[in-house]
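Undergrad: Here is how the chains run, residue by residue.
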Amino acid sequence: MAFSEHFDQLLEKPSPRVQKFLQLLQPLENHQLQRLAAESAALTRRHFGKTMRLFAPLYLSNECINSCAYCGFSRENPIVRLTLKPQEVLAEARHLFAQGFRNLLLVSGEHPRYVSNGYIEECVRLVAAEVPSVSIEVAPMETEQYRPIVSAGAEGLVVYQETYHRPTYQSLHTAGPKKDFLWRLDCPERGHAAGFRRIGIGALFGLYDWRFEAHALAVHLDYLLKTCWRSFLTVSLPRLRPAAGGFHPPAPMNDRDYVQLLCALRITFPTVGIVLSTRESAALRDLVAPLGITLMSAGSHTEPGGYTGQGRNCLHYTIRGKIQASANDAASATEQFEINDNRSPEIVANRLRQLGLDPVWKDWDPAILGIAYAA
Amino acid sequence: MQTQPLIIANRHFHSRLLVGTGKFSSNEAMRDSLLASGCEIVTVALRRADLSGKKDPYANILDFIDPQRYLILPNTSGAMNATEAVRLAHLAAAAGLPKWVKLEIHPDPNYLLPDPIETLRAAETLVSEGFVVLPYINADPVLAKRLEEIGAATVMPLGSPIGSNRGLQTRDQLRIIIEQANIPVIVDAGIGAPSHAAEAIELGADAVLVNTAIATAADPIRMAHAFRLAVEAARMAYEAGLPTQSQFASPTSPLATFLNTLQAN
Numbered sequence: 150m151a152f153s154e155h156f157d158q159l160l161e162k163p164s165p166r167v168q169k170f171l172q173l174l175q176p177l178e179n180h181q182l183q184r185l186a187a188e189s190a191a192l193t194r195r196h197f198g199k200t201m202r203l204f205a206p207l208y209l210s211n212e213c214i215n216s217c218a219y220c221g222f223s224r225e226n227p228i229v230r231l232t233l234k235p236q237e238v239l240a241e242a243r244h245l246f247a248q249g250f251r252n253l254l255l256v257s258g259e260h261p262r263y264v265s266n267g268y269i270e271e272c273v274r275l276v277a278a279e280v281p282s283v284s285i286e287v288a289p290m291e292t293e294q295y296r297p298i299v300s301a302g303a304e305g306l307v308v309y310q311e312t313y314h315r316p317t318y319q320s321l322h323t324a325g326p327k328k329d330f331l332w333r334l335d336c337p338e339r340g341h342a343a344g345f346r347r348i349g350i351g352a353l354f355g356l357y358d359w360r361f362e363a364h365a366l367a368v369h370l371d372y373l374l375k376t377c378w379r380s381f382l383t384v385s386l387p388r389l390r391p392a393a394g395g396f397h398p399p400a401p402m403n404d405r406d407y408v409q410l411l412c413a414l415r416i417t418f419p420t421v422g423i424v425l426s427t428r429e430s431a432a433l434r435d436l437v438a439p440l441g442i443t444l445m446s447a448g449s450h451t452e453p454g455g456y457t458g459q460g461r462n463c464l465h466y467t468i469r470g471k472i473q474a475s476a477n478d479a480a481s482a483t484e485q486f487e488i489n490d491n492r493s494p495e496i497v498a499n500r501l502r503q504l505g506l507d508p509v510w511k512d513w514d515p516a517i518l519g520i521a522y523a524a
Numbered sequence: 047m048q049t050q051p052l053i054i055a056n057r058h059f060h061s062r063l064l065v066g067t068g069k070f071s072s073n074e075a076m077r078d079s080l081l082a083s084g085c086e087i088v089t090v091a092l093r094r095a096d097l098s099g100k101k102d103p104y105a106n107i108l109d110f111i112d113p114q115r116y117l118i119l120p121n122t123s124g125a126m127n128a129t130e131a132v133r134l135a136h137l138a139a140a141a142g143l144p145k146w147v148k149l150e151i152h153p154d155p156n157y158l159l160p161d162p163i164e165t166l167r168a169a170e171t172l173v174s175e176g177f178v179v180l181p182y183i184n185a186d187p188v189l190a191k192r193l194e195e196i197g198a199a200t201v202m203p204l205g206s207p208i209g210s211n212r213g214l215q216t217r218d219q220l221r222i223i224i225e226q227a228n229i230p231v232i233v234d235a236g237i238g239a240p241s242h243a244a245e246a247i248e249l250g251a252d253a254v255l256v257n258t259a260i261a262t263a264a265d266p267i268r269m270a271h272a273f274r275l276a277v278e279a280a281r282m283a284y285e286a287g288l289p290t291q292s293q294f295a296s297p298t299s300p301l302a303t304f305l306n307t308l309q310a311n
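Chains A and B supply the protein sequences, listed in that same order.
At position 158 of the first sequence (counting the first as 1) the number is 307 in my numbering, and the numbers step up by one without a gap.
At position 2 of the second sequence (counting the first as 1) the number is 48 in my numbering, and the numbers step up by one without a gap.
Errors might be hidden in some of the hints.
[Stated by the list, open to error] Partial list, derived from the structure: chain A residues whose beta carbon lies under 8 Å from chain B:
| id | residue |
| --- | --- |
| 1 | K162 |
| 2 | A190 |
| 3 | R194 |
| 4 | R195 |
| 5 | H196 |
| 6 | G198 |
| 7 | R333 |
| 8 | S380 |
| 9 | F381 |
| 10 | R388 |
| 11 | L506 |
| 12 | A516 |
| 13 | G519 |
[Unchecked claim] Here are the in silico distance ranges between beta carbons for each label pair:
| id | chain 1 | residue 1 | chain 2 | residue 2 | range |
| --- | --- | --- | --- | --- | --- |
| 14 | A | P176 | B | A140 | 20 to 28 Å |
| 15 | B | A283 | A | G505 | 32 to 40 Å |
| 16 | B | A141 | A | E271 | 55 to 63 Å |
| 17 | B | I163 | A | A191 | 29 to 37 Å |
| 18 | A | G505 | B | N127 | 29 to 37 Å |
| 19 | B | K100 | A | Q158 | 48 to 56 Å |
| 20 | A | E271 | B | K101 | 25 to 33 Å |
| 21 | A | L177 | B | R212 | 25 to 33 Å |
| 22 | A | Q175 | B | P289 | 48 to 56 Å |
| 23 | A | P399 | B | A141 | 51 to 59 Å |
| 24 | A | A191 | B | H136 | 37 to 45 Å |
| 25 | B | I163 | A | W332 | 33 to 41 Å |
In case anyone wonders, no lab produced these hints; they're calculated from the structure.
Nothing here was measured: the structure is a model prediction, and the numbers come from that model.
The beta-carbon is built from N, C-alpha and C at its ideal position, and this holds for glycine as well.
Work out the full structure: start from the sequences and follow the hints.
TA: Dropping the structure here:
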């Protein structure tokens, strides 16, 4: 059994839980939205306490063979590219560790040559020896390919469907392995089978009608809660940001709708983690942090080498997956998208304290899995 | 007025309130709440602590718990099976924490309900290694007896799921556990108000463990003190001999006087 086999039917005949969620997505008056937010905040405190977990993304590579209209790393884009060597990844990780992060998300584009067999695993092994919690956000794999990565110390897997609307998905993903909508849809289950403790899903808001994406996301969560019952699930609601390629979101979601969706998710799924990235502005992040968010990034860079300038001597231009020329004149690799909250981790942590939330840096110990830990 | 001490593994405690350290708005709020609760046993999730011995300033929860004042009870939250829980207990002991462990194995991250099979397995191993084991369990009387038989120091049945604040939803099962136990019974999880804590103690539970209700209160220090008072009052009432409950009103004095008069004649 896999989600892809049931997706259409589950969308059409929502479970009682999803029906409740859809009710909460109906247009609301201001006072109704305020009540929703109060309930959402109270449920979050009850289940997660007055705490906020912090993490940082660490980009390994921006090489990519996929053609995705909205993504800065899309193979069509003539951008400055770089794949960090594992030791360079470790140097970036050490920098983030010094800033306080004990939870890192390793992110990479998809490329069979540069991001190839064993590379992710090696990066995970090096980083997990010094950082308590390591997750990955890389191209979907088979269960058997995930297992060595889990053994190397990866605790979490993040994979966003981008859009759950199949015609939109097909029109935006025109080339590369990512074209396969259904294979991506079943990725969280393959990750669960491989032993990831935390599984993150999400949709990229702005590509298609937000209420449809939210509905599908709730259907997916509802299914995964029953199927992947041993995994801690998180959900992300990233909104499209400006990036190389100049893609304009065809269906932007406004701040008010974003808040409503966040609160509706919290009320429907009180124990699921909700992630907030630096794609959002500092003002909005401060506003929604207490309402339902449980995991936040801070001070992020979305290009490989972005924290310490690692790999600067290997910058190059790649078009359609092939290296065209070196780019040593460039200052850094090209980012995936522009971040919106530029505050340092320390400033974000202090702001959280002002909001009455304890910033939690460490919430996992690899010793639980028997992984040698050197720090 | 003193109440009887709580005795776990031959160690005496005056307080029958154990407090958990998660979910507070700051380590300082946690420290002050512990003090106000009058507790002597404090649980700490090992995954949030620094066990490397390098004094990680970003994982310094243990720096805020005075080991002279409190018995630090490491909990194995995060472990999904017996192997992982045993490993965590070893790690805590190696880091210099007491050889006491709150055994907590919940493979389900949503309701955090304990796995009875893995818990029994881990308890057997840890008891045989000399640990004082306090297992967190569902309110299952047979499991409680099985754990007692293999040498658990207490059992810690839940009142309702962790963080739910729903009180003693498992009341009938708790009664049986308490009635049958030869080791202390500590009601853990679901206690959302001082009245819930008092109810558990009045039922005959030896102690209660509270975390969410204190940590997430608007004023955690006052709430900690409120729990202290409730637990003390309930224990005193329990020892004083709570009257049995009846369906009927019982007009004691006039009738008793009349009957006594009859007997005297």
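Undergrad: Take the hints in turn and mark each one as holding or not.
TA: Hints versus structure:
The criterion of a C-beta within 8 Å of any C-beta in chain B is not met by K162/A, whose closest approach is roughly 23 Å, and the hint is violated. The interface hint given for A190/A is violated, since its Cβ lies 11 Å from the closest Cβ of chain B, which is over the 8 Å cut-off. For R194/A, the interface hint holds, since its Cβ comes within 8 Å of a Cβ in chain B; the closest pair sits about 5 Å apart. Because the beta carbon of R195/A sits about 6 Å from the nearest beta carbon in chain B, less than 8 Å, this interface hint is met.
At a threshold of 8 Å, the smallest CB-CB gap from H196/A to chain B is about 5 Å, leaving the interface hint in force. Annotation: interface hint on G198/A holds; nearest CB of chain B at approximately 2 Å, less than 8 Å. For R333/A, the suggested interface contact is broken, since its CB lies about 24 Å from the closest CB of chain B, more than 8 Å. Of the supplied interface hints, the one on S380/A holds, with its beta-carbon coming within about 7 Å of a beta-carbon of chain B, less than 8 Å.
Nearest Cβ of chain B to the Cβ of F381/A: about 4 Å, under the 8 Å cut. The hint holds. Residue-level restraint check for R388/A is violated (minimum Cβ-Cβ distance to chain B is 27 Å; threshold 8 Å). Annotation: L506/A was flagged as interfacial toward chain B, and the flag holds, the nearest CB pair being 7 Å apart, inside 8 Å. Interface restraint check: A516/A against chain B, minimum CB-CB distance 5 Å, threshold 8 Å, status holds.
For G519/A, the shortest C-beta to C-beta distance to chain B is roughly 6 Å, which falls under 8 Å, so the interface hint holds. Checking the proposed 20 to 28 Å range against P176/A and A140/B shows it is violated: the Cβ atoms sit about 57 Å from each other. About 36 Å separates the C-beta atoms of A283/B and G505/A, a value consistent with the hinted range of 32 to 40 Å. Checking the proposed 55 to 63 Å range against A141/B and E271/A shows it is violated: the Cβ atoms sit about 29 Å from each other.
For the hinted restraint 29 to 37 Å between I163/B and A191/A, the CB-CB distance of approximately 35 Å keeps it satisfied. Look at G505/A against N127/B: about 36 Å separates their beta carbons, and that is inside 29 to 37 Å. Distance hint check: the CB atoms of K100/B and Q158/A are about 53 Å apart, consistent with the given range 48 to 56 Å. With their beta carbons about 30 Å apart, E271/A and K101/B fall inside the hinted range of 25 to 33 Å.
At roughly 28 Å, the beta-carbon separation of L177/A and R212/B lies within the given 25 to 33 Å, and the hint holds. Judged by the Cβ atoms, the range 48 to 56 Å given for Q175/A and P289/B holds: they are separated by roughly 53 Å. Between P399/A and A141/B, the C-beta spacing of about 54 Å keeps the proposed range 51 to 59 Å intact. Hint check: A191/A to H136/B, Cβ distance near 39 Å, so the stated range 37 to 45 Å holds.
In this structure the supplied range 33 to 41 Å holds for I163/B paired with W332/A, their Cβ-Cβ distance being about 35 Å.
Figure legend: structure checked against the earlier numbered hints; hints not met, in rising order: 1, 2, 7, 10, 14, 16.
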